[in-house]
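K.L.:
Listed here are the chains, written in short residue letters.
Protein chains: 4
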Amino acid sequence: MKYKISIVGSTGYTGMELIRILLRHPYVEISSLTSESYSGLRLNKVLPFFNIDIQLEKFVPENIAKKSDLVFLCLPHTESMQPVFKMLKFGKKIIDLSGDFRLKDKTLYEEWYGVKHKYPDLLKESVYGLPEIYRDKIKNARFVTNPGCYPTSVILGAAPALKAKLVDIKDIVINSISGVSGAGRKVVTQYHFSEIHEDIKAYKIGIHQHIPEIEQELSNICGKKIKVSFIPHLVSVNRGILTTLNFKLIKRISTEECLNIYKKFYLNEKFVRILPLNSYPETKYVFGTNLCDISLKVDERLNRLIVISAIDNLVKGASGQAIQNMNLMLNLPEETALEGIGMMP
Amino acid sequence: MKYKISIVGSTGYTGMELIRILLRHPYVEISSLTSESYSGLRLNKVLPFFNIDIQLEKFVPENIAKKSDLVFLCLPHTESMQPVFKMLKFGKKIIDLSGDFRLKDKTLYEEWYGVKHKYPDLLKESVYGLPEIYRDKIKNARFVTNPGCYPTSVILGAAPALKAKLVDIKDIVINSISGVSGAGRKVVTQYHFSEIHEDIKAYKIGIHQHIPEIEQELSNICGKKIKVSFIPHLVSVNRGILTTLNFKLIKRISTEECLNIYKKFYLNEKFVRILPLNSYPETKYVFGTNLCDISLKVDERLNRLIVISAIDNLVKGASGQAIQNMNLMLNLPEETALEGIGMMP
Amino acid sequence: MKYKISIVGSTGYTGMELIRILLRHPYVEISSLTSESYSGLRLNKVLPFFNIDIQLEKFVPENIAKKSDLVFLCLPHTESMQPVFKMLKFGKKIIDLSGDFRLKDKTLYEEWYGVKHKYPDLLKESVYGLPEIYRDKIKNARFVTNPGCYPTSVILGAAPALKAKLVDIKDIVINSISGVSGAGRKVVTQYHFSEIHEDIKAYKIGIHQHIPEIEQELSNICGKKIKVSFIPHLVSVNRGILTTLNFKLIKRISTEECLNIYKKFYLNEKFVRILPLNSYPETKYVFGTNLCDISLKVDERLNRLIVISAIDNLVKGASGQAIQNMNLMLNLPEETALEGIGMMP
Amino acid sequence: MKYKISIVGSTGYTGMELIRILLRHPYVEISSLTSESYSGLRLNKVLPFFNIDIQLEKFVPENIAKKSDLVFLCLPHTESMQPVFKMLKFGKKIIDLSGDFRLKDKTLYEEWYGVKHKYPDLLKESVYGLPEIYRDKIKNARFVTNPGCYPTSVILGAAPALKAKLVDIKDIVINSISGVSGAGRKVVTQYHFSEIHEDIKAYKIGIHQHIPEIEQELSNICGKKIKVSFIPHLVSVNRGILTTLNFKLIKRISTEECLNIYKKFYLNEKFVRILPLNSYPETKYVFGTNLCDISLKVDERLNRLIVISAIDNLVKGASGQAIQNMNLMLNLPEETALEGIGMMP
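Protein chains in written order, with our numbering: chain A, 1 to 345; chain B, 1001 to 1345; chain C, 2001 to 2345; chain D, 3001 to 3345.
Chain A extracted, bound-state conformation (with noise of 0.2 Å):
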């Protein structure tokens, strides 16, 4: 018997990566997808390059919680708080996709989202799902909130450093550059097409909501407050998500003895490849993996470290991510569903 699984607001992007992905999972059913936009409709009519006729559903609480095991929410950031209340009071297990959850300390989250928490209370028991930090957790959770793609190559990418103690933590300074898929299916003008086809740019400087969940995250694993700077960029690609972490060292170490701490630290770990000495991230060779490359490098004319990660936003930066998730909570094999190579060109 199959796991039945529900995705709440399944035409957004992530909600498709999950209908992806989850179609080809050996152990799990779709049982029902809900769309507010076009709900009456069948799949295969909206997005047409599925082949499964499903009907999609206006999302009625009640009526999904009946149908799932196991239930993904892909809602807009601020409207997830209550479908997770009622779906955890229905006794479902659910991954929230949405910003809603992440934040523990519930003053963050009104500061930065610019909306009061209604259930603060959740924040609680809710779980951060990111599986190479919380794994345990994650297993015997009921209720995972699952990263954003920007702290996703984050933390991978600074967590062992941090951990080994090798850097200023008063210090750090990241950016990323992100593909356009990142930003949703809102239609808006700046995603025209030709509004932002070749072109490069930064944006919501030093406001970006994903701050205080890296912040949050960087913190807990090094056990002290810390402060980043972090500085998002958006390309004109599809797909992908490029950090680059630059660090001050507090001692000397060569990029070797770096590359082996990293390796060391992600030794078991299925989706993080550290790169050889000399090789660097490139988005294009995880495109469509929920995989997490990393290299770094030790610039020893300043005594900095910087490590690069590079991701597939809509997968180990959302969708694949939350399957890795839901493997975990529904006891299956991690990497069910998630295998797979990039495509390359």
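In short, the hints are calculated from the structure, not lab data.
Hints are all accurate, no fakes.
Covered stretches of chain B, as calculated for chain C (at least 3 residues, CB under 8 Å):
(1) 1017-1026
(2) 1048-1060
(3) 1284-1290
(4) 1332-1345
From chain A, some residues computed to sit far from chain D (all C-beta separations above 12 Å):
(5) 37
(6) 39
(7) 91
(8) 105
(9) 107
(10) 117
(11) 168
(12) 225
(13) 253
(14) 255
(15) 256
(16) 299
If you're wondering where the values come from, they're calculated on a predicted model, not measured in any experiment.
Just so you know, even glycine gets a beta-carbon here, dropped at the ideal spot from N, CA and C.
Please build the complex by placing chains B, C and D on the supplied structure of chain A, with the hints as guidance.
P.N.:
Here is chains B, C and D on its own, set in the frame of chain A:
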């Protein structure tokens, strides 16, 4: 009577861009074009988008000198030393677009470019062709070394903050993102369309030859030895460099006050635009122009100053700036042939 | 004294492109810009790549008429009828970039555009603004209807073959491939970057509103009623239309002879280039220019003539051609502000 | 026990795509990979997105034969003749992805490929590997010649109309638009990113080597000699072919009736999808899949039938189809390793 201009190495991207701009210049005429790969052929056969029927010649210094008032050298790095020497001997004005004469310190050149410098005596004479900083020297120069693309975007973005002593010069982190044309027209696997299209990557980490050039010029500006962490990135667009400078502020200052310092610094500059509060540069907005757009934000949470600059790497980052220098050296109006607005979309 | 020019609907792509070109025009000045979406704001706020500080106004016909010698109308199809009527009543010269007055037969308009024509009497007066075909009429016109982008590339590619009676007019197959900017700036899901990037598709098969426009003009050229099979395609580039015309030859003729017929036909045209034998147009080579590049090949195996034409859909396909028409109507040199060479890369 | 599979020429795009798909195939294992350029190196060094550590060897027929049950040949056109001969002598099953054995008529091969055919006797034995047409022959073949990318999209789009005798076979016009990966991985100026990005062009007009292949197969289908006008185009996307077939109908028929004929023709085909009325294929919808999407429209105004087909040129147009053939030749389920849904966005 028009000035006679020659381009040595005219079928690479900087050579082609020089031709494009010079063709609308009212006070000069192209008197000779050289090309090692295509000598003997007509320009409109080799590059059919050019309507002009000029014979491409092999580079013979005497011949070119005879026909020219001013010569642009668009040769690969390390191949420009002797040609510069020869053309100067013939008494011609020169603008060299290679990196061969940008570093005043010959040992730095030899360390970062990996070859011995053949004419170190000429390093003293060469004037660094960034008009916003060295306008008067350029006006009187007979030999200008044209700045690198990354350094142009970095120096213009950093100069006002450094001059105003706002920032900690021991702790400067710079990220740049460039389109592919910056890598030139060499035919290698890594720039094959299918290898690089839809890709984001960092490269030459800690070893890019523009690092000592940036450090030399920033040091000149603030009168102290500066080292910077500079990380270049490549994305699959044709043109554009976006540079993000991340400074530690050494005093409290508001974004508005900083913007005013920048506006004042560039008050009379035609090619530098300081964007209004909360607007940030996009490479698309300077596409095809000689403009450098700059904006900034003080991140009060961290007391850091983030400066963003955008240029078209082939125009302000190379050939447009070279023509701006030519205009100054020939005592022509500085903007001639460089007016024009970027293409959007 | 400069001519006063207004643009009604100035913040769409054809309006923006008119501004870009007019700003380098020595004999005209922009006297007013209207925008329904952004009226009341300054142009450099709404479109920051423009340096000029003009107030965008609501379109009030009297006000615009007072301030203008000539008005460009850049309104959506079906919305241009009344504005044209009103501006003509005020005695102003008009160039209408919509499709509302291109079809001389009002029933055709109503059939293909799906709305009733409100001012059918004005159809007689309007001059089809393709200077290579109707130069003299345009010079004397007060009301020019600017051709569609696809029709421009088709008619220029077909005219010499039709005039010379080389081809079977009962059997013409035309395929065009366009960049996305041709679809305008409307904000709909299908033009969201992530929906269309890396895509190739055909659309509006058999029902594109440019079909009757193409047929009307080709019929005029050869004096007989012509129907064509025209299939438009969309690909994820910003600008450019490439059109492939496939004719059955009705006599034996060589490629060279055909090329000579084409060269002769366009002998004195500044904006049409017939490429040499075995060279074929690429949209990149006309990017940003008012040029139409044409080449052809006789396929002797099939006795067919294949003609390829390339334009920039926003320049020769819209705003560049509109300014070419303006120059003719104002008795200015036809190429003014339209010189310039495409950008490569 | 798994079948042992070798790939000769494994570091070009079709070789890489074979590896990608074979790695998820449960019934086969890769036993050897050859590469002339990279022999002696490990696969994961040369192509770092592959995780597997296989030594790339020089192609020595005896060695490859010993280690293989079936061999894929991914060599350039004109270089596959002798390797096919040798591997057959060793009694191995072969799938040849080059064009060397697709044309049954040796004089046609010599005319269109410009070289003498060295093993014309083998032309009789080779089976054209289009399963939707030749499934039974492929099942029993030891030597399959894999179809070209354009011919696959053309033949699948044309077959039902030809079989049903709907169209005038003297008057077939075909336009195809391909992404750049179809040109292979050769390093030449014209495929440098900056030369081809943002470009649309037609090429090899009347002389593309896929023309006789298309004509051979369409002639086979309708039992009469057919000639077609086929015009290939290139646009700056990574993957995808969109083909537009333009037929003269020889009787009156509705779009719905035509669709039914197509649906019936492909009733049991897993990899051909006939889209519903008024939906048209997009390459993005088959990206990364072995699918061929087809739709059509009767243009009643002209009594013409327009058929559109879309494939991924590297999957159904090359390596996916090759694996579909392998599955048939090895008596494995035809869809093995080819399930999967395209990536959107």
